[in-house]
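Peer 1: Since chain A is already given, all that's left is putting chain B on it; use the hints.
Read off the chains here:
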Amino acid sequence: MTHSAHASDRLNHAGGPVPGTEGTRFGFFTDTSVCIGCKACEVACKEWNQVPERTDTGFTGDSMDNTGDLGADAWRHVAFIEQPRGHDAMPRAGLGPLVGGEARSAGNGRAGLEWFGQDPGLPPGAHGAEAIPQLPIFNGEPASPAEDGFRWLMSSDVCKHCSEAACLEVCPTGAIFYTEFDTVVVQDDVCNGCGYCVTACPYGVIERRSPGQPGGGGAFKCTLCYDRMKGNQQPACAQACPTDSIQFGPLEELRARADVRAEELIGAGVPGVQLYGHDQGDGVGGNGAFFLLLDEPEVYGLPPDPVTPTRNLGEIWRWVGVAAAGVVAAAGAAVLGGDR
Amino acid sequence: MSADPTRLGEVAASAPGDGRVGHPPEVRSYYARPVIKEPAWTWEVPWYLFAGGLAGCSSVLSLAARLAGHDVLADRARSIAAGAVVVCPPLLISDLGRPARFYNMLRVFKPTSVMSVGSWLLAAYSTAAAGAVGLSWWGRLPRLRAAADTAAGGLGAVMATYTGGLMADTSIPVWHEARRELPALFGSGGLASAGSAAVLLSPRGSAEPARRLAVTGAGTELIVDNVMRRRLGMVGKVYERGEAGRYHRAAEVATLLGGGAMAAGRHRPWLARLGALSLLAGSLAQRWSVFKAGFQSARDPQATLAPQRARLNRGEGHRAPSRS
Numbered sequence: 001m002t003h004s005a006h007a008s009d010r011l012n013h014a015g016g017p018v019p020g021t022e023g024t025r026f027g028f029f030t031d032t033s034v035c036i037g038c039k040a041c042e043v044a045c046k047e048w049n050q051v052p053e054r055t056d057t058g059f060t061g062d063s064m065d066n067t068g069d070l071g072a073d074a075w076r077h078v079a080f081i082e083q084p085r086g087h088d089a090m091p092r093a094g095l096g097p098l099v100g101g102e103a104r105s106a107g108n109g110r111a112g113l114e115w116f117g118q119d120p121g122l123p124p125g126a127h128g129a130e131a132i133p134q135l136p137i138f139n140g141e142p143a144s145p146a147e148d149g150f151r152w153l154m155s156s157d158v159c160k161h162c163s164e165a166a167c168l169e170v171c172p173t174g175a176i177f178y179t180e181f182d183t184v185v186v187q188d189d190v191c192n193g194c195g196y197c198v199t200a201c202p203y204g205v206i207e208r209r210s211p212g213q214p215g216g217g218g219a220f221k222c223t224l225c226y227d228r229m230k231g232n233q234q235p236a237c238a239q240a241c242p243t244d245s246i247q248f249g250p251l252e253e254l255r256a257r258a259d260v261r262a263e264e265l266i267g268a269g270v271p272g273v274q275l276y277g278h279d280q281g282d283g284v285g286g287n288g289a290f291f292l293l294l295d296e297p298e299v300y301g302l303p304p305d306p307v308t309p310t311r312n313l314g315e316i317w318r319w320v321g322v323a324a325a326g327v328v329a330a331a332g333a334a335v336l337g338g339d340r
Numbered sequence: 341m342s343a344d345p346t347r348l349g350e351v352a353a354s355a356p357g358d359g360r361v362g363h364p365p366e367v368r369s370y371y372a373r374p375v376i377k378e379p380a381w382t383w384e385v386p387w388y389l390f391a392g393g394l395a396g397c398s399s400v401l402s403l404a405a406r407l408a409g410h411d412v413l414a415d416r417a418r419s420i421a422a423g424a425v426v427v428c429p430p431l432l433i434s435d436l437g438r439p440a441r442f443y444n445m446l447r448v449f450k451p452t453s454v455m456s457v458g459s460w461l462l463a464a465y466s467t468a469a470a471g472a473v474g475l476s477w478w479g480r481l482p483r484l485r486a487a488a489d490t491a492a493g494g495l496g497a498v499m500a501t502y503t504g505g506l507m508a509d510t511s512i513p514v515w516h517e518a519r520r521e522l523p524a525l526f527g528s529g530g531l532a533s534a535g536s537a538a539v540l541l542s543p544r545g546s547a548e549p550a551r552r553l554a555v556t557g558a559g560t561e562l563i564v565d566n567v568m569r570r571r572l573g574m575v576g577k578v579y580e581r582g583e584a585g586r587y588h589r590a591a592e593v594a595t596l597l598g599g600g601a602m603a604a605g606r607h608r609p610w611l612a613r614l615g616a617l618s619l620l621a622g623s624l625a626q627r628w629s630v631f632k633a634g635f636q637s638a639r640d641p642q643a644t645l646a647p648q649r650a651r652l653n654r655g656e657g658h659r660a661p662s663r664s
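In the order they appear, the protein sequences are chains A and B.
Residue numbering for the first sequence follows the numbering used here, beginning at 1 and increasing consecutively.
Residue numbering for the second sequence follows the numbering used here, beginning at 341 and increasing consecutively.
Hints should not be assumed to be uniformly reliable.
[To be verified] Partial list, computed: chain A residues near chain B (C-beta under 10 Å):
| id | residue |
| --- | --- |
| 1 | 63 |
| 2 | 201 |
| 3 | 203 |
| 4 | 204 |
| 5 | 211 |
| 6 | 218 |
| 7 | 320 |
Simulated from the structure, these hints should not be mistaken for laboratory data.
Please read these numbers as outputs of a predicted model, since none were measured by experiment.
For every residue, glycine included, the Cβ atom is placed at its ideal position computed from N, Cα and C.
Next up, chain A with everything else stripped away, as it sits in the complex (with noise of 0.2 Å):
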């Protein structure tokens, strides 16, 4: 069994991509409904591109997350939402009430686990199981795993890899590139730590690394495992993953493929179903890296619109330029007006 149950003629055995696949978008498909939070995928990227520990970090007291954002020395993020009962998650139009097991069985009642190479079923009540028998009752409402106490979000957040990456265009070194394979990397060698990458980007992504760690003063951030791609391997968070939560392949599959998930989970009844990143008409020109998230993507430290802000740029040097000639116009009206 190849590590990914998911075929595709522009990725070999081990799911890297196969040689000249040169000029195709690749990136993140994250499918954060099956994640399980056991941030292998953390602790892969570490391990892999060698990113040191933090040195700010501790026990944020914020549920099961300690590693609190993305970061220099952060490259994925698990986050953990606990969502009480009553939380606003809100039911996507059409869908009908989220009690019961009506609507839920509207799929084919496949949500939780198709994506691993042997399906072991779910079992009787579960997400998205078929039938619901014999719910206990709870003040007269039916209880079940999806409504009964509270529901775990958890999602593994990575750099996103933009269309338009905001901070590799107001980079003024070069150091930020755009891969054969349209991902974005820094050069480790040219970047000289302006630190301008860290203002621009919308999901706080990219920063400074502290003066006395390695590469200290750079700005770093994800690569998409760069080097293992040109090895023809696939991304260590990727392949580290237990439940196929990272789908790492050519943009373009992956599109099609969370489209085709996110239909499945609808019809099974899962709340708050959402596509984030995939959108090409969004303010980045979409992500090289996208999620499908079970509630808006606020509630996992996500901006619900970002923008690059090299989109105002014109506008901003249309302000510069009149700012400009007001100071000129100020300069000549006081060495005019009046006498010395």
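Peer 2: Chain B in isolation, oriented as in the chain A frame:
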């Protein structure tokens, strides 16, 4: 990582519910953690904003004074510009994470990067401004000196204002949403400080145009600042809190008092000089206030999330509000 209590305080203080009409509702967030990163920039940046504005506007003043026949003032302003511009490259280099690689700033010319354009601008402007002073000391090549004066005057106007664009071309809400006002704010602050420096350093009787310029700059700075904060709405509230708030109050008081003293100081040189000192301090405090506001804005997840969510809810987002 934002575990320290001051940061949490910042977030809590920014939470809506202050009863103002039209306040965007609080958007859910990931444990109130910031969505975007704070800038990596350090103390050199606000000083650069100040020095670059002082230098650029002094060059503009020098050129204008030269053309209008105020030669004494023109010479003084030219020297002030050169004095202010020489500190700019060291400040910027010191702010880099890897200062030894500063020369990579001129490795490429990238129109999409305000910092790249600004680096080339600074290189050209500082050459012109310092060259003009050098040539005037040397006393030869008058036409080249005149060309350098003209170049410094023209580039100086952009030098004093592009920094507003530099801050605006980021994802920091309080900077990006102020993209109309920041260039004018920095430009008018530059005028106030260039006029003030010329008042302080010019012989009596030759500084009247500089005094007028300082009054114009100070008044414009106060107006632009108010327009900016009004237009920023909830995002602009950082100018009332924390360090940004303290610097902002200092800037407001110093610019108001300094501008008043300068306006009343036409026939009272001592008052004009006091006003000049106050305006220089006000202009510097204004840059620090904008700089610090960016950090506070980045730390506040609501500043990032609420306007985006509101945009989506109004149907003006860049993606469909929700799928399916």
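Peer 1: Run every hint past the structure and note whether it holds.
Peer 2: Against the structure, the hints:
Because the beta carbon of residue 63 of chain A sits about 7 Å from the nearest beta carbon in chain B, less than 10 Å, this interface hint is met. This hint holds: residue 201 of chain A has a C-beta 6 Å from the nearest C-beta of chain B, less than the 10 Å allowed. At a threshold of 10 Å, the smallest CB-CB gap from residue 203 of chain A to chain B is about 7 Å, leaving the interface hint in force. Hint status for residue 204 of chain A: holds, given a least beta-carbon distance of 4 Å to chain B, under 10 Å.
With a cut of 10 Å, the hint placing residue 211 of chain A at the interface with chain B holds, because the nearest CB-to-CB distance is about 7 Å. Evaluation of the residue 218 of chain A hint against chain B yields a held restraint, the C-beta minimum of about 6 Å falling below 10 Å. Look at residue 320 of chain A: its Cβ gets to within about 4 Å of chain B, closer than 10 Å, so that hint holds up.
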